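Student: Model the full structure from these sequences, guided by the hints.
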Amino acid sequence: MTNFNATGIYNITSIYLGNTNYTGASETWFVNVLAVIDTVKPYFTNNTPQNQTITYANALSYDINATDETVFSCFIVNDSRFKINCNGLLENNTVLGVALYSLNITINDTSNNINSTIMFVNVTQKGQSITTLLNGNNANLVITYPQKINASYNGNNQTALSININGTLVNAAQNYSWGAGIWFVNYSIASNQNYSGNETYLNLTINPATGIINGSINGTDTNFTTINGSFNKNILINTINLSGDSNGKIYLNGTVINSGLLPLSNLTNLSIGYYNITFVYDGNQNYTSDSKVLWVNISLDTAYPIFSNFVDNTGTLTGSGTATFGVTVQNTNGTVLLQINNANYSATNTTSEDYTALVSMSTGDYNYNWVAFGNGGNNNLNSSITRIYSVASSGDGDNPGPGGPGPCSYDWICEDWQDCINGNQSRVCTNHGTCTGTVGKPVELRSCSSNVTNCTYNWACGDWQDCINGNQSRVCTNHGTCTGTVGKPSEMQICSLNETNCTYQWVCQDWQDCINGNQSRVCDNHGSCSGNLGKPSEMKSCYSNDTGDNDNKITKKAEEEVSKKGGYWICGEWSSCNAAYDLNNIITGNVMLEGEKERVCKDNENKYSKIEKIKCNTEMSVTTKKVSKCYRNYLEVYDSNGTLVSRLDLPSQISGKLNIQLEVNEKGYCDYCYNKVKDYDENETDCVYNEDGSCPVCGTQLIETPFVVRRNYSWISWLLLILAAILLIWVLYESVGKIEFYKFEEKKKDSEIKKLRRIWYPGNKSDN
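For the sequence shown, my numbering begins at -2 and goes up steadily by one.
Check the hints yourself; a few may be wrong.
Claimed, not checked - Below 25 Å or equal to it, Euclidean Cα-Cα: the simulated SDA-like pairs (lysine to any residue) are:
1. K145 / T128
2. K438 / T325
3. K532 / S517
4. K438 / V356
5. K594 / T682
6. K289 / N250
Claimed, not checked - Distance windows between CB atoms, simulated:
7. E535 / T474: 13 to 23 Å
8. N151 / A54: 16 to 26 Å
9. E412 / E535: 31 to 41 Å
10. N281 / N134: 20 to 30 Å
11. Q171 / N204: 20 to 30 Å
12. I512 / T474: 26 to 36 Å
13. E593 / N687: 54 to 64 Å
14. E412 / K289: 46 to 56 Å
15. N575 / S606: 40 to 50 Å
What the hints contain is simulated information worked out from the structure, not anything from laboratory work. Since the model is a prediction, treat every value here as computed from it, not as a measurement. Note that CB positions come from ideal geometry on N, CA and C, so glycine has one too.
Tutor: See the structure below:
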């Protein structure tokens, strides 16, 4: 294709050169180009140009199409910030700021025919994107106080970026301690002419830490039990916050005794009673509240010294020498004395509870006993039994036995202490030995606490009031005869306002035996609530008369629930009759043969349980017969089977003492058969010629003992019933002043029986 750019006649010749087989040839043409004027403008094609939009910092590259009917020349753009080539490629010639650009695009042909149009290039702001982070993770954060927080981000921001937590600015990638709560972390990027701004949020939840409070009583963080005394009435109560920093309170039986910024302390003078000490930590934004309950039991000072392990070197000295005495004393304040014939000697504490004394002594027989003061607040005084110490004289033979010349002996037997009157207690001590003096006589008067009375407590409490500010109150009134606060139930407790739609169903077991002045039991909640609201007391003082009103309410509610559901109760066997009396009741005349027996019942769904109690009677028929034996009058007591269970010695005149023999041995000899004196119906000293006599036959070895109590202790279970019957029977015999009785400890049976033997048969000194 050839363009003719000028007018004229043009010669066009075509030549064929030929080859071996063909001859050559040629042909000529003529073209006459005439002079004609081009007036047609070039024009745009393909619907171009169109307006363009680009983002800041991005390049423009856009093709514009145009043509001409003759010969197209080129494109021209009127803005130097842009460029366009003759093929129509429009580009930016520099970095374009955000703006709307108006471009005039011009096209022409070789005849310089021109055409143009207007197009717009819109440069918009460029967005900014970052990855937000809380403690290194692109996610909402949940932590517990006092964990630190760190707000940061990943990405390239072109403008300023700020981070704030609920409006408080923080530095990126810096650790912060933040309070408990729900927080919004805002990441904000500023905008300018060329870049747009941005805001992003993450949620931050900081849960409060668990507040922990600890309390102590006299330095120990457990329940505290002590006796009432001058040195321990003041109870030091301390509380600290193991976790948390805020205010707290100390409650004594529901009453605030100290409050303020922890730690707190209080020195309180407490009398005899049972006290609830509640330590409360109020909590704050960062710590939950907490409480702790401890109990203080101030009991009567009944601590008396206990003597055991008596040792001495009696019989080893001749003429004179140093006598050695030793004893083990428990419950003493360290003041231990040795009394020899009423003279006091200080004892030395050797090891632990062992005490010794060394005394220079000469020929003779001495009565000695130990005296010690108790370690309670009242320093109660106690005395041991009297013992004999002998120093033989030089050249003397054996001392004559009973009935002949020689030293006498003391055998002191004391009655029980009487009731405390005007701060004093008394008792009567009688010498059953052969001496007529008062050597080694135990004390018959001692001081006591006037708090020991015959009054009773009978606490009755009203219902708990509504929960207000986390506390509930109630009123407890004593309907007994005592005027103090011993065993008073708590009148204040912590409660939860959230526990409004649930119910409590407390079921308590029986009170356990009294240990160290306290009784305990276990109470379980069978309701839907999960707290301790209204929980009955699980510990009480043995000096408290708990009416059990709350237990009755629980049983009544359980019965209503079972009845409402149409259920029924399944009950077990009745227990044996349990009469509530002891030897003290018998001796003071308060014998109650009536008791209670109980059984456990469960509902048919085994959801509730209750204890049913009914009255019962333990009385048993006995018969009596008056007989004579060994020149004495006796009253014999027989059970319903005709078995002899007791014999009462009926004295001919008032002696102030009644001798009682339990389970007698019918084959025993009379007591005067052992006094080494020929008396009564004896043919010779302590023997008779007739086999049917009251004493052994002369010439035989005496092996029986007078009315010996056989060492079969099955009679112990009869003791209370027999003594009760004896007390009623003895009303007929006004000459008797007082019944003397003994409580046997298992490990002391033999020694107690020997002691009884000396009471019943004062003329017999044999312990065999």
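Student: Look at each hint and say if it fits the structure.
Tutor: Verification of the hints:
1. Using a Cα cut-off of 25 Å, the hinted pair K145 and T128 holds, with the two alpha carbons roughly 20 Å apart.
2. Distance check on the hinted pair: K438 and T325 sit about 21 Å apart at the alpha-carbon level, within 25 Å; holds.
3. Among the hinted pairs, K532 with S517 is consistent with the structure: their alpha-carbon atoms are about 14 Å apart, no more than 25 Å.
4. For the hint pairing K438 with V356, the CA-to-CA distance comes to about 20 Å; that is within 25 Å, so the pair holds.
5. As the CA atoms of K594 and T682 are separated by approximately 57 Å, the hinted pair breaks the 25 Å bound.
6. Restraint check for K289 and N250: the C-alpha separation of about 13 Å stays at or below 25 Å, so the hint holds.
7. The hinted window of 13 to 23 Å between E535 and T474 holds, with their beta carbons roughly 22 Å apart.
8. Between N151 and A54, the C-beta spacing of about 21 Å keeps the proposed range 16 to 26 Å intact.
9. Checking the proposed 31 to 41 Å range against E412 and E535 shows it holds: the Cβ atoms sit about 39 Å from each other.
10. The supplied range of 20 to 30 Å is met by N281 and N134, whose beta-carbon atoms lie about 29 Å from each other.
11. A hinted range of 20 to 30 Å for the beta carbons of Q171 and N204 is consistent with their spacing of about 22 Å.
12. Between I512 and T474 the beta carbon distance is about 28 Å. The supplied range of 26 to 36 Å therefore holds.
13. At roughly 56 Å, the beta carbons of E593 and N687 sit within the given window of 54 to 64 Å.
14. A hinted range of 46 to 56 Å holds for the C-beta pair E412 and K289, which are about 48 Å apart.
15. Checked against the hint of 40 to 50 Å, the C-beta distance between N575 and S606 comes to roughly 20 Å, which is inconsistent with it.
Of the numbered hints stated above, those contradicted by the structure are hints 5 and 15, listed in ascending order.
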